[in-house]
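So the sequence lines, in the order shown, correspond to chains F and U. The first sequence: position 403 = 403 (UniProt numbering), numbered continuously. The second sequence: position 20 = 20 (UniProt numbering), numbered continuously.
Each hint should be verified, as a subset may be incorrect.
[To be verified] Partial pick of chain F residues on the chain U-facing surface, computed with a CB cut under 7 Å:
| # | residue |
| --- | --- |
| 1 | Leu52 |
| 2 | Arg84 |
| 3 | Lys280 |
| 4 | Ser428 |
| 5 | Arg429 |
| 6 | Ala525 |
| 7 | Ala542 |
| 8 | Ala546 |
| 9 | Gln549 |
Rather than coming from a laboratory, the hints here were simulated on the basis of the structure. Backbone N, C-alpha and C fix where the C-beta goes; we use that ideal spot for every residue, glycine too.
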Amino acid sequence: MKHHFDVVVIGGGHAGTEAAAAAARMGATTALVTLREADLGVMSCNPAIGGLGKGHLVREIDALDGIMGVAADQAGIQFRLLNRRKGPAVQGPRAQADRTLYRAAIQSAIRGQKAVDVVQGEVVDLIQAGDRVEGVQLADGTVLRAREVILTSGTFLRGVIHIGNERRNGGRMGDKPSIRLAERIDDFGLPLGRLKTGTPPRLDGKTIDWSKLGEQPGDDDPVMFSFLSGKPVARQISCGITATTAATHDIIRQNLDRSAMYGGHIEGVGPRYCPSIEDKVTRFADKESHQIFLEPEGLDDDTIYPNGISTSMPVDVQKAYVRTIPGLEAVQIRQPGYAIEYDYVDPRALDRTLAVRSLRGLFLAGQINGTTGYEEAAAQGLVAGLNAARRAQGREPAFFERTESYIGVMVDDLTTRGVAEPYRMFTSRAEFRLSLRADNADQRLTPKGIALGCVSEARRRAFGRKLEKLETAREMLQQGTFTPNQLQSIGVNVNSDGVRRTAYQLLSFPDVSFDDVRMLDEAFAEIEPDTATQIAKEAIYANYLARQQRDVDLLKKDEAVAIPSGFSYDALPSLSNELKGKLSRTRPESIAQAARIEGMTPAALALIVARLRQDERRAIA
Amino acid sequence: MDTIFALASAPGKAGLGVIRVSGPRADDACDALAGGRPEYRRASLRRLRDAEGGVLDEALVLRFDAGKSFTGEEVVEFHLHGSVAIIQAVLRRLGALDGFRMAEPGEFTRRALENGRMDLTQVEALADLIDSETESQRRQALDLLSGALSARVGRWRDATLRAVSLLEATIDFADEDVPVDVSPEVRALLTEVVEGIEAELSGLDAAERVRTGFQVAIIGPPNAGKSTLLNYLAGREAAITSEIAGTTRDVIEVRMDLGGLAVTLLDTAGLRETDDAVERIGVQRGRERAEAADLRVHLVTEDITPGVVPGPDDLVFRAKIDLVGGEGVSGTTGQGVPALVDAVKARLMDKAVQAGLASRERHRLALTAGASHLHAAIGLLDSGADLYELTSEEVRLALRRLEALLGHIDVEQILGEIFSSFCVGK
Chain F
1 MKHHFDVVVI GGGHAGTEAA AAAARMGATT ALVTLREADL GVMSCNPAIG
51 GLGKGHLVRE IDALDGIMGV AADQAGIQFR LLNRRKGPAV QGPRAQADRT
101 LYRAAIQSAI RGQKAVDVVQ GEVVDLIQAG DRVEGVQLAD GTVLRAREVI
151 LTSGTFLRGV IHIGNERRNG GRMGDKPSIR LAERIDDFGL PLGRLKTGTP
201 PRLDGKTIDW SKLGEQPGDD DPVMFSFLSG KPVARQISCG ITATTAATHD
251 IIRQNLDRSA MYGGHIEGVG PRYCPSIEDK VTRFADKESH QIFLEPEGLD
301 DDTIYPNGIS TSMPVDVQKA YVRTIPGLEA VQIRQPGYAI EYDYVDPRAL
351 DRTLAVRSLR GLFLAGQING TTGYEEAAAQ GLVAGLNAAR RAQGREPAFF
401 ERTESYIGVM VDDLTTRGVA EPYRMFTSRA EFRLSLRADN ADQRLTPKGI
451 ALGCVSEARR RAFGRKLEKL ETAREMLQQG TFTPNQLQSI GVNVNSDGVR
501 RTAYQLLSFP DVSFDDVRML DEAFAEIEPD TATQIAKEAI YANYLARQQR
551 DVDLLKKDEA VAIPSGFSYD ALPSLSNELK GKLSRTRPES IAQAARIEGM
601 TPAALALIVA RLRQDERRAI A
Chain U
1 MDTIFALASA PGKAGLGVIR VSGPRADDAC DALAGGRPEY RRASLRRLRD
51 AEGGVLDEAL VLRFDAGKSF TGEEVVEFHL HGSVAIIQAV LRRLGALDGF
101 RMAEPGEFTR RALENGRMDL TQVEALADLI DSETESQRRQ ALDLLSGALS
151 ARVGRWRDAT LRAVSLLEAT IDFADEDVPV DVSPEVRALL TEVVEGIEAE
201 LSGLDAAERV RTGFQVAIIG PPNAGKSTLL NYLAGREAAI TSEIAGTTRD
251 VIEVRMDLGG LAVTLLDTAG LRETDDAVER IGVQRGRERA EAADLRVHLV
301 TEDITPGVVP GPDDLVFRAK IDLVGGEGVS GTTGQGVPAL VDAVKARLMD
351 KAVQAGLASR ERHRLALTAG ASHLHAAIGL LDSGADLYEL TSEEVRLALR
401 RLEALLGHID VEQILGEIFS SFCVGK
């Protein structure tokens with residue numbers, strides 16, 4: 001076995017596998033250390049990928065040739081495009097995934113990367129020399145040396161599982177927590193916090209009376225995650241729908257003091273958007289029923305994940321209340337629900353590449369940074385993997401900006417604002433939502449990926465062909481102009497204002513379809529349906545995007561003014577002490593980030609810019 | 001890049017007002033206002049005209065070529081006569097030009113910096129100035145928002161936050177137990193806000209203000225002689241006076257010319273705790289109107305006025321000096337009334353100048369733009385839930401324009417509102 005690597009990744013979850021694959025695509029020799037090789041790509045929470053905001057992240061990962069999108073497409077057993085009736089900017093692809101197929105797809109993707117060595121073992125310590133991390137030590141004494149280390153330990157840092165008043169140490173049901181590693185992190189002096197999250201009980205599908213239940217089928221016209229995928233490969237299924245009853249709520253209310261969360265056993269902060277059934281019943285007391293989706297965990301697995309009733313009640317209470325739910329009257333619980341508390345590192349201790357600022361050679365990605373969700377974890381793994389490889393190779397860092405991607409929005413939110421609860425992506429977090437769409441993730445990011453060197457030849461070529469078609473069609477549609485008369489003749493409702501419009505402009509009218517536009521010019525017939533669909537999606541927002549461009553340009557300009565990590569705010573006497581303190585703590589990496597710090601004044605920004613200019617001139621002189 | 005402009009001289013009454021214009025289209029300002037471009041760096045006397053050709057002012061126009069100006073860009077300066085009305089008219093004219101907008105605080109400095117026209121020392125020298133500019137704008141925004149207006153703005157803020165949260169809930173939690181169609185509630189919320197803003201806009205207009213005049217409330221405990229003073233000032237029996245405390249039960253308004261200023265005097269019910277239901281309503285109404293007024297004149301007697309503390313800008317006079325003697329005012333004999341009128345006039349003039357000019361113009365522009373985005377949002381609601389992402393975009397654009405007024409509304413607050421209203425999450 002090799003003992004020297006460019007990059008060592010600790011953890012084989014969604015962040016770890018994506019990080020290892022990204023580093024390997026960049027040509028870095030990479031070790032992926034995991035407790036059990038068979039657990040690579042395990043979905044420890046619900047068996048689904050994507051959704052609103054999250055689906056955007058998966059598309060972006062795919063645009064950079066990551067592995068999550070392709071794996072989800074291979075494992076998908078029910079595809080739904082959320083917000084299908086709304087505009088393309090807020091449509092999010094989502095799929096139920098077969099756990100076994102998903103693991104298999106991820107493992108095959110990792111095996112397909114020749115530069116990745118999967119190492120089975122437990123990392124018990126990081127090897128440190130001064131302020132530099134130089135490798136990891138395994139429980140069996142093996143030492144792996146690395147130029148860069150990526151830690152993706154999820155909820156394993158001082159993880160504690162709660163079921164009622166029972167508590168046991170563990171990072172996931174059935175796994176040990178990483179306590180020695182947590183102690184090492186303590187030695188680094190990184191700021192830590194405590195969060196919690198919960199899961200529902202897993203049910204035996206054979207004991208559910210499906211005949212009583214509503215059914216949620218997948219879309220007739222499934223939308224895939226990967227730009228390279230065509231259609232689903234696995235057999236498609238439906239999910240069941242049921243709901244809690246008054247009897248369910250009664251049982252929960254009567255036993256609230258036995259819940260770990262309500263009994264005062266948990267100090268961690270849970271997410272507001274993923275409330276336990278205890279929370280739901282207490283906080284929304286007037287609601288008589290809460291919806292539950294019964295999600296199959298796989299085609300050959302009749303375990304059911306009841307989405308909507310995560311809990312930390314004792315097992316007997318869980319048994320009692322699930323049986324008050326229609327269809328679940330005789331249900332058997334295969335694994336009780338539980339709450340898990342864990343340590344996270346305040347992500348403000350990281351820079352925009354997700355490297356720890358106070359050390360060299362260490363990146364953090366995934367739930368350890370206070371996020372929740374497979375997609376958020378994978379996207380961070382990608383950022384850390386790309387950057388660890390680039391740093392190991394002595395190349396410039398790869399930054400992702402708010403103006404260009406959800407990945408950029410997330411990294412910026414995390415590293416400048418920190419988290420108060422587990423961070424989850426929403427489309428409302430992206431101020432440039434209309435331009436950062438799932439449908440154009442490839443146009444936004446694949447060129448960047450090609451420039452970075454993380455995109456395969458096959459994808460590069462496929463993307464090139466697509467782009468060429470789009471550009472030809474766009475040009476065609478923007479060339480000729482038509483009078484109101486001509487437009488009225490094809491049934492378009494425009495004023496006779498004498499203004500000539502291009503076919504492209506016409507597409508931004510809410511009631512004009514591409515088929516209408518085709519009638520204007522015979523040449524439009526050669527535009528292929530896929531290309532037409534894509535152009536129609538961007539044209540809807542043409543007016544808004546033009547207006548937004550000014551804001552984007554301004555922000556980009558400020559993003560481009562980098563503040564070096566060693567910049568001394570103390571050397572700016574006119575800066576108030578309050579701002580000096582904030583700036584020194586937050587360490588913004590660009591003027592754009594500095595501007596977002598609360599209480600920042602125009603004068604302070606001008607001072608920083610002036611200082612940067614002065615330093616630049618000195619450096620040249 | 002936009003061409004920016006702002007009043008470069010100190011706001012307030014002064015002999016001259018200098019408006020600086022900087023950016024690629026600065027020359028357009030010369031063409032449009034002065035009817036041509038004077039030679040570079042040579043003061044030239046021009047007539048500035050409005051869009052209809054009416055003369056705004058006779059002013060010195062100075063033009064600087066790019067690379068030789070304060071900012072390094074094309075710059076034009078208009079040296080105007082220092083009248084509030086003229087400066088305001090020129091600012092408004094510039095704001096209507098294509099590609100022009102009011103400069104943000106510190107923006108001239110920032111451009112100068114970026115074009116290598118300033119070094120760190122020079123910026124440091126200017127830093128206090130920029131911050132005080134920011135601070136005075138903030139303070140003026142707050143000043144404009146005194147009393148009842150700030151309560152109204154608070155309601156607009158809540159309504160807009162609620163509206164955008166409803167829209168975002170249907171977008172980001174489409175898969176969950178949230179309403180699909182929130183149009184009626186959003187429409188009601190946004191309509192209230194946009195109507196309020198438009199009412200405010202008409203009030204912000206300086207010309208309108210001079211026409212409708214200032215409101216001055218006379219307040220004090222019962223039987224302090226408020227109505228007597230009002231009658232003396234008005235020269236007629238506008239308010240019924242009597243010896244019985246609590247005679248004035250409603251708010252009485254008298255419009256008059258007070259030393260050349262159009263003023264509406266408000267006589268309010270004496271402020272006291274009372275068991276009389278009708279009087280209590282009168283007291284309540286009096287308090288509200290007094291808070292909303294431009295200026296409050298407090299008449300004080302031995303009796304304490306319950307629950308009313310004079311603000312820093314309010315005037316305080318001892319009442320009924322015909323009976324108690326000493327310094328103060330009497331509506332019966334007219335003693336001290338000229339001094340009171342002078343004091344009221346001085347205070348109102350002060351306010352007119354302070355609140356006027358740049359900050360008012362900035363507010364007017366922000367409110368106008370905000371209202372137009374809200375109108376667009378309301379219009380999009382007609383298309384229903386399918387276009388909510390565009391409706392929400394318009395509301396968010398409105399929020400950004402209204403930040404100076406409503407404060408910054410962050411995505412965390414939107415999410416907070418969603419999570420407290422709907423049981424979302426699985």
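- [ ] Please verify that hint: Ser428/F, Cβ, nearest Cβ of chain U, below 7 Å or not.
- [x] holds (5 Å)
Open item on the list: A closest beta-carbon separation below 7 Å is what the hint needs, so does Ala525/F meet it against chain U?
Closed with: violated (28 Å)
Open item on the list: Holds or violated: the hint that Arg429/F contacts chain U, with Cβ atoms closer than 7 Å.
Closed with: holds (5 Å)
Task: Interface hint compliance - Arg84/F to chain U, C-beta minimum distance less than 7 Å - done: violated (9 Å)
- [ ] For the hint on Ala546/F, just tell me whether its beta-carbon gets within less than 7 Å of chain U.
- [x] violated (13 Å)
Task: Hint check: 7 Å Cβ-Cβ cutoff, Ala542/F to chain U - done: The hint is violated - Ala542/F has no Cβ within 7 Å of chain U, the shortest such distance being about 12 Å.
Task: Proposed interface contact between Lys280/F and chain U, which counts if any beta carbon pair is under 7 Å - done: holds (5 Å)
- [ ] Mind checking the CB of Gln549/F against every CB in chain U and telling me if the closest is under 7 Å?
- [x] Violated. Min distance 12 Å.
Task: Interface hint outcome for Leu52/F [beta carbon to chain U under 7 Å] - done: This interface hint holds because 5 Å falls under the 7 Å limit.
Comparing the model with each earlier hint shows violations of hints 2, 6, 7, 8 and 9; every other hint is respected.
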